[in-house]
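S.K.: Given only the sequences and the hints, what does the whole structure look like? Please build it.
Going line by line, the protein sequences match chains A and X.
Each residue of the first sequence is one higher than the last, beginning at 1 in the numbering used here.
Each residue of the second sequence is one higher than the last, beginning at 1 in the numbering used here.
The hints are simulated quantities; they were obtained by calculation from the structure and are not laboratory data.
What you are looking at is a predicted structure, and each value in this text was computed from that prediction instead of being measured.
Treat the hints loosely; a few may be bogus.
Said to hold, decoys possible - Beyond 10 Å from chain A on every Cβ pair, some chain X residues (computed):
1) Val-33
2) Pro-41
3) Pro-49
4) Val-58
5) Ser-64
6) Leu-69
7) Asp-70
8) Ile-132
9) Arg-140
10) Ile-157
11) Thr-160
12) Ala-164
13) Ile-237
14) Gln-255
15) Leu-279
Unchecked claim - Now the stretches of chain X that chain A is said to cover, found in silico as 3 or more residues with beta-carbon under 8 Å:
16) 188-195
17) 198-207
Stated by the list, open to error - Facing chain X, from chain A, some residues (calculated, C-beta under 8 Å):
18) Leu-61
19) Val-79
20) Arg-85
21) Leu-87
22) Leu-98
Glycine included, C-beta positions come from ideal geometry on N, C-alpha and C.
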Amino acid sequence: MAPHTEQLTRSAVRLRGLTRSFGGRTVLDGIDLDIPAGQFTALLGHSGSGKSTLLRAVAGLDHEVEGSGQLTAPERVSVVFQDSRLLPWRRVLDNVLLGTEGKEAAAKGREALAEVGLKGRERAWPSELSGGEAQRAALARSLVREPELLLADEPFGALDALTRIRMHGLLRELWERHRPSVLLVTHDVDEAVALAERVLVLEEGRIGVDVVIDRERPREEYREVLLGALGVTSDVR
Amino acid sequence: MSAVSSAVAAVTTSGSGAGTAVVAGTGEAGSQVRRRRRLSPGRRLPAAPLVGPALVLVLWAAASAAGRLDPAAVPAPWTVLRTGVHLWTDGTLPNDILTSVRRAASGFAIGLAGGVLLALAAGLSRVGEALIDGTVQLNRAIPALGLIPLFILWLGIGETFKVAIIAIVVYIPIYLNTHAALSGIDSRFVELAEVQGLSRFQFVRQIVIPGALPGFFVGLRLGVTGSWLGLVVLEQINATSGLGYLMFQAQNYGQSDVILVGLVVYGIFGLVSDSAVRLIERRVLSWRRTLSN
Ligand SMILES: Nc1ncnc2c1ncn2[C@@H]1O[C@H](COP(=O)(O)OP(=O)(O)OP(=O)(O)O)[C@@H](O)[C@H]1O
Ligand SMILES: [Mg+2]
Numbered sequence: 001m002a003p004h005t006e007q008l009t010r011s012a013v014r015l016r017g018l019t020r021s022f023g024g025r026t027v028l029d030g031i032d033l034d035i036p037a038g039q040f041t042a043l044l045g046h047s048g049s050g051k052s053t054l055l056r057a058v059a060g061l062d063h064e065v066e067g068s069g070q071l072t073a074p075e076r077v078s079v080v081f082q083d084s085r086l087l088p089w090r091r092v093l094d095n096v097l098l099g100t101e102g103k104e105a106a107a108k109g110r111e112a113l114a115e116v117g118l119k120g121r122e123r124a125w126p127s128e129l130s131g132g133e134a135q136r137a138a139l140a141r142s143l144v145r146e147p148e149l150l151l152a153d154e155p156f157g158a159l160d161a162l163t164r165i166r167m168h169g170l171l172r173e174l175w176e177r178h179r180p181s182v183l184l185v186t187h188d189v190d191e192a193v194a195l196a197e198r199v200l201v202l203e204e205g206r207i208g209v210d211v212v213i214d215r216e217r218p219r220e221e222y223r224e225v226l227l228g229a230l231g232v233t234s235d236v237r
Numbered sequence: 001m002s003a004v005s006s007a008v009a010a011v012t013t014s015g016s017g018a019g020t021a022v023v024a025g026t027g028e029a030g031s032q033v034r035r036r037r038r039l040s041p042g043r044r045l046p047a048a049p050l051v052g053p054a055l056v057l058v059l060w061a062a063a064s065a066a067g068r069l070d071p072a073a074v075p076a077p078w079t080v081l082r083t084g085v086h087l088w089t090d091g092t093l094p095n096d097i098l099t100s101v102r103r104a105a106s107g108f109a110i111g112l113a114g115g116v117l118l119a120l121a122a123g124l125s126r127v128g129e130a131l132i133d134g135t136v137q138l139n140r141a142i143p144a145l146g147l148i149p150l151f152i153l154w155l156g157i158g159e160t161f162k163v164a165i166i167a168i169v170v171y172i173p174i175y176l177n178t179h180a181a182l183s184g185i186d187s188r189f190v191e192l193a194e195v196q197g198l199s200r201f202q203f204v205r206q207i208v209i210p211g212a213l214p215g216f217f218v219g220l221r222l223g224v225t226g227s228w229l230g231l232v233v234l235e236q237i238n239a240t241s242g243l244g245y246l247m248f249q250a251q252n253y254g255q256s257d258v259i260l261v262g263l264v265v266y267g268i269f270g271l272v273s274d275s276a277v278r279l280i281e282r283r284v285l286s287w288r289r290t291l292s293n
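M.R.: What follows is the structure, encoded as structure tokens:
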């Protein structure tokens, strides 16, 4: 953990008073948030709490949404969506290379595919991939751009439990190797605790809980706290 | 793990009726996996497109040989063949075919280019859409063949007017389908393009156009059919050459065999052009996995 402490001093994402509303209904209500460069942050919240809204704001995808506030994000941002969003008319490698150009990029694309375990599938059509493979290709696509910030909106939501666990390992590994800042939106508390260094809970348009995960301490502890924050008491479970 | 899977099996089978639930759940044949009923039609028969026409031909020949058909109304297949060979060797048929194909091809080419260009202009810019789409929709409401009298007045009765009518018949389905496909592009892909930092040009070339190709091909096939339809109508009412004229004359002299030769040639035109479009479509859209392959 030591080598990247100096990186941590720089802020990758900086939100000040970020507000977003739909038709007069406020979804994000003045959010202040700093994500240090290289930090793996998970964002939890109930369905409809505004997680995707926040992520889309950071990604700059909310063109017609009313809102105010300050937002700073790095130049190179990649987004992984819940669906793999591969273009069906491009082969896997060409999908990974979408938006890049040149020979070097192609080499990088192959490398990224190898990294996510899709070596040899470069010329496959997306329709020939399994759900997990497609999502890994999407991950490769986001890596090729060497993002400073990786935004992921429930990237594993559509996968089965087993594939999901594999993908967790992969994401964690890729993050350790490339060290982008990560903002992972999920509604799975275990996923958040297993992957992230820091977990946020979005409540009523604000960051209600902000905990740093110490890997030395038992995960159960964080689980209780976060489930409590989400209003799930242990006897209900 | 096994407890989970058996529970799942019980849930799924109980949905398909009590009888099957018992068989799958408790019967000793539990290890036997029954394949699901297949809903796609399965593997293609060899030479499938030829089976139906061959059958019709056989029935026709048999009925003629048995003397069940009036030769003046429906001549035997061999009579038609003989007439066809005769017309071909004396040069009438090649000439008429050439004239007809030239008309259809020019009209089709102009209609294709016009349809695609207009669809691109309307699909890619809001101004273009405002100017073009309403106009084409209006044009579409008027049956193109209804324009014949007006076009004869404007362009005379020569080749130009025929080509113009065919072009109109062709451009409308191509425009409509291509435009619908262009404007129906999945918004998730638009978002992806934004995230990947595509320029507007790259977006159009790499996402919008490939995404619209299936729609374009639907229009293209309708356009091809339309060009032959337009040709037939035009040649039978206002022509002094071409296949339709040949058939029109044969009608006056009661030569049903000549008419049938003309129909066969029209049929071959239609089949060949449609197969060509399908072939191109299959090449270009090879990424698609549909019921047909
Ligand atoms: N384009 C939109 N138009 C109108 N309302 C919207 C729009 N997008 C989101 N909302 C509303 O904003 C609220 C927050 O939505 P958002 O998608 O951010 O929730 P979420 O936390 O991502 O939920 P989930 O976990 O179900 O994905 C919801 O109540 C939703 O109805
Ligand atoms: Mg969401």
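S.K.: Does each hint hold? Answer for all of them.
M.R.: Status of each hint after checking the structure:
1. Val-33: Holds, since 20 Å exceeds 10 Å.
2. Pro-41: holds, 19 Å
3. Pro-49: It holds; Pro-49(X) is separated from chain A by about 26 Å at its closest Cβ, greater than 10 Å.
4. Val-58: Given a closest Cβ separation of 41 Å, the condition holds.
5. Ser-64: holds, 50 Å
6. Leu-69: holds, 51 Å
7. Asp-70: At about 55 Å from chain A, Asp-70(X) clears the 10 Å cut-off, so the statement holds.
8. Ile-132: Consistent with the label, Ile-132(X) stays out of reach of chain A, its closest Cβ about 25 Å off (over 10 Å).
9. Arg-140: holds, 29 Å
10. Ile-157: holds, 46 Å
11. Thr-160: Check passes; 39 Å lies beyond 10 Å.
12. Ala-164: holds, 35 Å
13. Ile-237: Answer for Ile-237(X): holds, closest chain A Cβ roughly 44 Å.
14. Gln-255: Non-interface label stands for Gln-255(X): nearest chain A Cβ at 51 Å, farther than 10 Å.
15. Leu-279: Correct as stated: the minimum Cβ-Cβ distance to chain A is 18 Å, above 10 Å.
16. 188-195: holds (count 7)
17. 198-207: holds (count 4)
18. Leu-61: holds, 6 Å
19. Val-79: Holds - the Cβ of Val-79(A) comes within 8 Å of chain X, reaching about 5 Å at its closest.
20. Arg-85: Interface hint status for Arg-85(A): holds (5 Å vs cutoff 8 Å).
21. Leu-87: Nearest chain X Cβ about 7 Å off; hint holds.
22. Leu-98: Constraint on Leu-98(A) satisfied, holds at 5 Å.
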